[in-house]
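Student: Each chain, letter by letter, is given below.
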Amino acid sequence: MKNKVRIGCGAGFSGDRLEPAVILAEKGELDYLVLECLAERTIALAQKRKLQDPTKGYDPLLERRMEMLLPILKSKNIRLITNMGAANPIAAAELICCIARKTGLSVSVAAVTGDDVLNLLSGEELTLETGKPLHTVGQIVSANAYLGADAILTALETGADIIITGRVADPSLFVAPLIHEFNWSLDDADRMGQATVIGHLMECAGQLTGGYFADPGKKEVPDMASLGHPFVDIYPDGKAIFSKVAETSGILNLATVKEQLLYEVMNPQQYFTPDVVADFTQVRLQEVGPNQVQVTGGRGENKPATLKVSVGYQAGFVGEGEISYAGPNALGRAQLSGAIIKQRLSPHFPELRVDYIGSTSVHRTQLGNYPEPYEIRLRVAGKAITPEMAARVGEEVEALYTNGAAGGGGARKYVQEVIGIISILLPRNKVNPTVTVQRS
Amino acid sequence: MKIKLYDIAHSRAGDKGNTLTLSLIAYHEEDYTLLVEKVTAAAVKSHLQKIVSGEITRYELPHLAALQFVCQDALLGGVTTSLSLDPHGKTLSFALLEMEIEG
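Chains A and B are the protein sequences, given in the same order.
Following our numbering, the numbering of the first sequence begins with -17 at its first residue and continues without gaps.
Following our numbering, the numbering of the second sequence begins with -10 at its first residue and continues without gaps.
The set of hints was computed from the structure by calculation and includes no laboratory data.
Ranges between beta-carbon positions, derived for each pair: (1) B:Glu19 - A:Gln274: 20 to 30 Å; (2) B:Gly92 - A:Ile367: 43 to 53 Å; (3) B:Asp(-4) - A:Asp35: 47 to 57 Å; (4) B:Pro76 - A:Arg326: 16 to 26 Å.
Just so you have them, the derived chain B footprint on chain A, three or more residues with Cβ under 8 Å: (5) 197 to 206; (6) 238 to 252; (7) 259 to 265; (8) 342 to 350; (9) 354 to 365; (10) 402 to 416.
Ideal Cβ placement from N, Cα and C applies to all residues, glycine included.
Please take these sequences and the hints and turn them into a complete structure.
Tutor: So this is what it looks like as structure tokens:
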């Protein structure tokens, strides 16, 4: 058994930067590299791409990431774990093998499937959000269960160089290699709790090393343009020391770790994953060196009897339009145009938003006393059943050129399809994770 | 004396469906008791009344000198279907830091 395992996180969401993972792989002396690239909505959109083309449905950046990483991973003997398989891990594994062949590399890729549970649903399942049966939300396009570390563990045990999954709980991407290396028991709730703390801290990559943290004058982060992503050293007793490659910039300290520990946490005493109900309240942090924070004290209880399932459904279309006003009384003129738009569109759009960008658009209200901004962008958004109807929002905003307040300019319009996400619980034993290995 | 939370604490917003989470972390541990005393769930509810429609629950994390606020019905339906310009509510951490307390 190793006396220490080092895991790096090279991506914290699908659109994350490509370079930090390369630096981690080249200079991080990693045992494992994790790329977390799958958000709730991402998989529903990927399911739609798969429906149009059965060979697609994996992460759109998979090819570019693998072209950059495969040679380094192979030469440094680093195992990769990623959920970039999205709606189609099998096709993703084929693509990785194909890229490996082109560069003369021999790799084995294990695809984890079984998270797609669309065929198991009756429609009578009650949604967690509304308590109403699933069939009432509309046309379902996808249903993916959050698999746990046990599913990834099976893939690791095949010896594959690369493990590619669809929907798994984000922390489980990190929990699985720890169980694999240290022979921890999946039923040891405190170990699983600490492993989940580690995974939760790592899963957003740059958010631990000063990304999404900096506030000039208050929370300084040096040279953010070359921000590095984190790695963590984990010891058999569960102790973890988080750090980053010395040559990279950014910052990793108590403050960055605290922000990330509480990020998206609904109840710090009961953080639900498929592996454990983790307790973050006894976590102890200690700075043990420059950009080095030790984390201990993660605990847990049991593991849930059910798995959470994210269900994607068709929720119509959103139409948007924007136009700018600047100079004297910019806000007043934007508000006049906003009122005109409301009068013209409200009868046709039950849900309509009018925002004044620069004044009240993101907090939906004004909290402090601020002088009026020099320029204001009017934004209007409305929901509709058809794309044609949604387009009317942007058309009306554009028409403000000659039918609205004085001096509007720079109109833009957009129509976007909306995939709604809703959750249900499914008994664990109904879901059957499967591992398929391919070789280049 | 009025103190703006921005001057003594930092925050990150997160989302789960229509629920907004806001951490509030004291820069200096000695300010934690002031936060516990003044930044109650009711005070935050009052400050964010035009943003958060539902209940706010507060969790205390003394080891981290931090509070966590979980705000129900705060994201106009949630990230995928909200018409908001910031459907995740990611900018709302600074809405919390705009709050003033008696220090």
